Amino acid sequence: TQLLEQSPQFLSIQEGENLTVYCNSSSVFSSLQWYRQEPGEGPVLLVTVVTGGEVKKLKRLTFQFGDARKDSSLHITAAQTGDTGLYLCAGDRGYGNKLVFGAGTILRVKS
Amino acid sequence: DAGITQSPRHKVTETGTPVTLRCHQTENHRYMYWYRQDPGHGLRLIHYSYGVKDTDKGEVSDGYSVSRSKTEDFLLTLESATSSQTSVYFCAITGGSDYNEQFFGPGTRLTVL
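As you go down the protein sequences, you meet chains A and F in turn. Following the numbering used here, the numbering of the first sequence begins with 11 at its first residue and continues without gaps. Following the numbering used here, the numbering of the second sequence begins with -5 at its first residue and continues without gaps.
FYI, nobody ran anything at the bench for these hints, they're computed from the structure. Misleading hints may appear alongside valid ones.
[Unchecked claim] Derived EDC-like pairs (lysine to aspartate or glutamate); straight-line CA-CA distance at most 20 Å:
1) F:K47 to F:E66
2) A:K80 to F:E95
3) A:K108 to F:D56
[Unchecked claim] Among chain A residues calculated to face chain F with C-beta under 7 Å, some are:
4) S41
5) E48
6) G52
7) P53
8) V57
9) T58
10) T61
11) G62
12) A88
13) G92
14) L98
15) Y105
Model, not experiment: these values are computed from the prediction. C-beta: ideal position from N, C-alpha, C; glycine also.
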């Protein structure tokens, strides 16, 4: 059982559509990060959220941290083909300098 | 660019042979990590290091060992490779922020036949 559950596992949409990816847990995290990974490359950090209820925007991407710091969401507005990739959430439980990763959401944006 | 390189980038080996993967960083960061990535599992921590000669196990450490004799190099060894260790291996460093933000190398694709 994953400590961080991501949903959906796979998402295929048309360019211009909106989408939301969820990252849920029963554990509390001191911070939560979102990464994006393209085929053949390592994950790249998109954002870190640290305060319950926090909302961060990165162009067309909106990230939210749940009030209880147990869950997070990533919303993409007007998806583009360049958004295609694997999106990973990762939580820091605040000890041991280790992250726990979700299984990832594969996003495919079709033109 | 966090200055992380991994070698080799691809390797095919046979069951029972020893394999060593190398991670090299140019940023002098204290924390280094080895993960494996498999479909449906995301990234799972194998071992990590918090300084020269200081290492600890992650959630999937069985069958793997690590060494860190210099700040810049973190080695992952499969003592006797098995087919279940076929995976993509990523090295990461912590960038020094307060939030354990990690920066990843390009990965090593290992196939054990």
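Comparing the hints with the structure gives:
no.	hint	verdict
1	F:K47 to F:E66	12 Å, holds
2	A:K80 to F:E95	18 Å, holds
3	A:K108 to F:D56	18 Å, holds
4	S41	4 Å, holds
5	E48	11 Å, violated
6	G52	3 Å, holds
7	P53	5 Å, holds
8	V57	10 Å, violated
9	T58	5 Å, holds
10	T61	11 Å, violated
11	G62	15 Å, violated
12	A88	27 Å, violated
13	G92	20 Å, violated
14	L98	6 Å, holds
15	Y105	10 Å, violated
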